[in-house]
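Same order as they appear, the protein sequences are chains A and B.
Just so you know, we're using our numbering here: the first sequence kicks off at 5 and counts up by one.
Just so you know, we're using our numbering here: the second sequence kicks off at 5 and counts up by one.
Hints may contain errors.
Where chains are identical, the list cannot tell them apart; a pair therefore holds if satisfied intra-copy or between any two copies.
[Said to hold, decoys possible] With a Cα cut of at most 35 Å, we get these calculated DSBU-like pairs of lysine-lysine:
no., residue 1, residue 2
1, 401, 190
2, 236, 330
3, 421, 330
4, 190, 270
5, 401, 331
6, 331, 211
7, 421, 384
8, 190, 166
9, 13, 268
10, 330, 119
11, 369, 119
12, 270, 421
13, 268, 384
14, 433, 77
15, 421, 236
16, 380, 268
17, 270, 27
18, 77, 401
19, 20, 380
20, 190, 381
Hints are computed from structural coordinates only; laboratory data are not their basis.
There are 2 protein chains.
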Amino acid sequence: MKNIIFAFKDDVPKYKQIYEQFKLLIEQGKLNANEQLPSIRELAHSLQVSRNTTLMAYDQLVAEGYIRGEGRKGFFINELENLPFQVTLSSSNKNPSESSNPILIDFRPGAVDQKYFPLKTWRRLYNQALTLPESFLYGEPFGEVCLREQIAAYLLQSRGVKTDADSIIIGSSTQQMLINLGYILKGDFSSVIVENPGYDGAREAFKFHQFSFETVQVHETGADLSQLERMKSRLIYVTPSHHSPYGVSMSIQQRHTLIQWINKMKGYIIEDDYDSEFRYTQQPFPALASIDSARVIYLGNFSKSFLPGIRLSYMVLPQPLLNLYKKQFLYFESTTSILSQFTMAKFMESGEWSRHIKRMRLVYKQKMHYIVTELKKHLKENITIIGEQSGLYLLVKVGLNRSEDWLIQQASFYGVKVYPTSIYFVHNKTDNPIIKLGFTNLSFEDIQFGVSLLKKAWLEKTC
Amino acid sequence: MKNIIFAFKDDVPKYKQIYEQFKLLIEQGKLNANEQLPSIRELAHSLQVSRNTTLMAYDQLVAEGYIRGEGRKGFFINELENLPFQVTLSSSNKNPSESSNPILIDFRPGAVDQKYFPLKTWRRLYNQALTLPESFLYGEPFGEVCLREQIAAYLLQSRGVKTDADSIIIGSSTQQMLINLGYILKGDFSSVIVENPGYDGAREAFKFHQFSFETVQVHETGADLSQLERMKSRLIYVTPSHHSPYGVSMSIQQRHTLIQWINKMKGYIIEDDYDSEFRYTQQPFPALASIDSARVIYLGNFSKSFLPGIRLSYMVLPQPLLNLYKKQFLYFESTTSILSQFTMAKFMESGEWSRHIKRMRLVYKQKMHYIVTELKKHLKENITIIGEQSGLYLLVKVGLNRSEDWLIQQASFYGVKVYPTSIYFVHNKTDNPIIKLGFTNLSFEDIQFGVSLLKKAWLEKTC
């Protein structure tokens, strides 16, 4: 066999590169059927990799039928006709659009601005947490007390929610909390009212326990709560501070309507207060849980306001549910890193958390203002902007007689990644498509460039 | 009102200390009914705490009826007869035994030895992970590819399991993985075979989806697999490398029996390989998943071998289940910290992981040897030691005609915390009680002292 020269790339595991190189050479006919391959040991030596690496590459080639092992004699190339099937190693997570043009600007929602992350402080506090003896044990099943106390103090101060550490449960994501919550609620409740459109991830979590759905219609101007009277469910999932995806907030009258209705029904409101920190035009409205904590399950998280990858969420439970929850989940390990919990507790205690939120509110407010200005300048009357008063993304309703798919594909063709909103609708939406644009980790230049590309993508073809 | 002097303790939140102090003074009659309390502002000032702190303390006292607010006039003490009910703020997590003697030695299982934790390396790699742009996004729903690749390579090398990154799912705990797994299995399987005794946490997770149970009896000498033929279930949860709690390993013959049976039944084995790294007397036996990967769901974790608080687990799924799983959970966020995932991937890639495991195997082997020697020396023929060949704890069967409760209480009276095994039994156990002793984070001196206290606790009273 001729010498094969590999130039290993850094971002792909070596065994995969070896596997792919051999596969290519076999498919191109550059290696002949029944030709012997170098032994695992020889190949490892000549490529300066471990034997595991070459073994994994050969295993994959054997599994896919490109080569065969003949015991001690070694490995040989198969006839191409003998290939049983062609499987690729590529991940099923891969986004098909990534195979087209390279993405220049990604309006991805749910990212945070790395530039303003309090790197030094966080490192210092994490490093401290690593020296605590408690970090080397299994933690509290419902979350570390020090963090729950900080969250209780924060909720009182910023959201008007009066609670204590004992009533707070810490988990790793809103969906995971909803799954656990569903487990204790499903005995008394078989259906849940969700917003339409609304957060698809919550619906997925409710499906986990076979809840059936009723829907409250939400418009760009707000939710239609008059429908509640006709509904049978006594459980409702809402995003009152910042509707997902429309971005509207419930008025204080709507909040009171909801509270009165739930008291009449003797049910529960699940209030997902997922990004209430970022309201730009006025003070945040008080949480539903601050009006009536007996009938409201309050959900919060640190993904939007701090770091998605930290995986820290929490919920505040009314007493009867808290008792049920603690009984049910006493024998379950917490799913949340103790180190992240200790670090966040210290971060909050030191006041850094409040400072960080204030700083980021200003940063994101400026970016929101900038993207709105740019969109209006370039896309003019072709779009309507929705939800610019708060939150970490905005929506544009596009009036070009084009489908959501077309708008996304066309943007992608110009190197811009934008996001759909059709996934939030329980039934298909019929009028003009609405595109979701995140901007939090983009610079002003990125935003400007991205919007100018969107103009080209959406308008130049249609003009 | 007289001046109240507080000496704040560090480990209890200040609002709670203020609340408890007032409560005590009111209950003891040292503050009179209708006496006015200092205002929130005055109290905050005189105690040098924030107004939130005093507000929270007062809120709690109001909620429990000790005091009342009279608008702008301030807060006043209620008549004691007016108290509507007495609720305590104390956590329901609190262990009742903590109120007795102070714990001098805690034989807690599931802790790791802090002294040998690779603090500097971990810090360095975590700090690197914090600078990656990917750390500021939501991560892959099934875990970061770089970590899955490292786990695939590790499983091949150390457990003989041939898999690839695509077939691995990363989660935060074994129980959370079992809950998700149960969700995709419950359509085809309504019951599961578990070991008796066996890991109680797994049973709790299966209950989440109303699985019914059949049990395979496990003795100190091993599992009785002859019972399998009589069972109706086609799903079995086992701990073949290190039975929980007995510590026995399945022989290669038993492994083959299990594999043949599951192929006949066309079901699945869930193999929980939770601490296979720590086998002291011989090489670890190969995993079931290395014999037949088509019918085995393999579960592993980093809690036992690295750090419980990191909350990193994984499972390897056979192809049909993998397809189901990915379809079902595509819309669920990962529950695992991206930062921990990136750090662990780098830690494994650099070879530090293998070195750490080797080092800890030696450390724990010495500790296991030491505790066995001490127990034999002090408790002699009164105990039988079970499971000293591997793992991070051992069991002692105590032949003193005393109950498990008595043994635990008596130890606690002498300042030693030891753990029950009755929780692992599906039905109550009738013969001599078995006590679980972890030792991994105790020094040799601690072990010696702890065992000498156990001798006093268990033997001196009975002699």
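Verification of the hints:
In the homo-oligomer, the alpha carbons of residue 401 and residue 190 never lie at most 35 Å apart, since the shortest distance is 37 Å inside one protomer and 42 Å across protomers. Within a single copy, residue 236 and residue 330 get their C-alpha atoms as close as 28 Å, and across copies as close as 33 Å, so both meet the 35 Å cut-off. Taking the shortest alpha-carbon separations for residue 421 and residue 330, only the inter-copy value of 24 Å comes in at or below 35 Å, while the best intra-copy value is 43 Å. Taking CA atoms no more than 35 Å apart as the test, residue 190 paired with residue 270 passes in both settings, with 15 Å inside one copy and 32 Å between copies.
With identical chains, the CA atoms of residue 401 and residue 331 are at most 35 Å apart between copies only, with a shortest distance of 30 Å across copies and 47 Å within one. Within a single copy, residue 331 and residue 211 get their C-alpha atoms as close as 23 Å, and across copies as close as 14 Å, so both meet the 35 Å cut-off. Taking the closest pair of Cα atoms, residue 421 and residue 384 come within 35 Å of each other only inside a single copy of the chain (20 Å); across copies the shortest separation is 71 Å, beyond that limit. For the homomeric pair residue 190 and residue 166, the shortest alpha-carbon distance inside one copy (27 Å) is at most 35 Å, but the shortest distance between copies (40 Å) is not.
Neither within a single protomer nor between protomers do residue 13 and residue 268 lie at most 35 Å apart by alpha-carbon distance, with minima of 63 Å and 44 Å respectively. Within a single copy, residue 330 and residue 119 get their C-alpha atoms only as close as 40 Å, which misses the 35 Å cut-off; across copies the closest is 34 Å, which meets it. When the C-alpha separation of residue 369 and residue 119 is checked against a cutoff of 35 Å, the pair qualifies only within one copy, where the shortest distance is 16 Å, while the shortest distance between copies is 47 Å. Taking the shortest alpha-carbon separations for residue 270 and residue 421, neither the intra-copy value of 45 Å nor the inter-copy value of 45 Å comes in at or below 35 Å.
Taking the shortest Cα distances, residue 268 and residue 384 never come within 35 Å of each other, neither inside one copy (47 Å) nor across copies (67 Å). Within a single copy, residue 433 and residue 77 get their C-alpha atoms no closer than 63 Å, and across copies no closer than 56 Å, so neither meets the 35 Å cut-off. Taking the shortest alpha-carbon separations for residue 421 and residue 236, neither the intra-copy value of 41 Å nor the inter-copy value of 52 Å comes in at or below 35 Å. Within a single copy, residue 380 and residue 268 get their C-alpha atoms no closer than 45 Å, and across copies no closer than 66 Å, so neither meets the 35 Å cut-off.
Proximity of residue 270 and residue 27 under a CA criterion of 35 Å is satisfied inter-copy only: 33 Å between copies versus 64 Å inside one chain copy. With identical chains, the CA atoms of residue 77 and residue 401 are never at most 35 Å apart, being 66 Å at best within one copy and 54 Å at best between copies. In this homomeric assembly, residue 20 and residue 380 never come within 35 Å of each other (Cα to Cα): the closest approach is 47 Å inside a single copy and 53 Å across copies. Taking the shortest alpha-carbon separations for residue 190 and residue 381, neither the intra-copy value of 50 Å nor the inter-copy value of 54 Å comes in at or below 35 Å.
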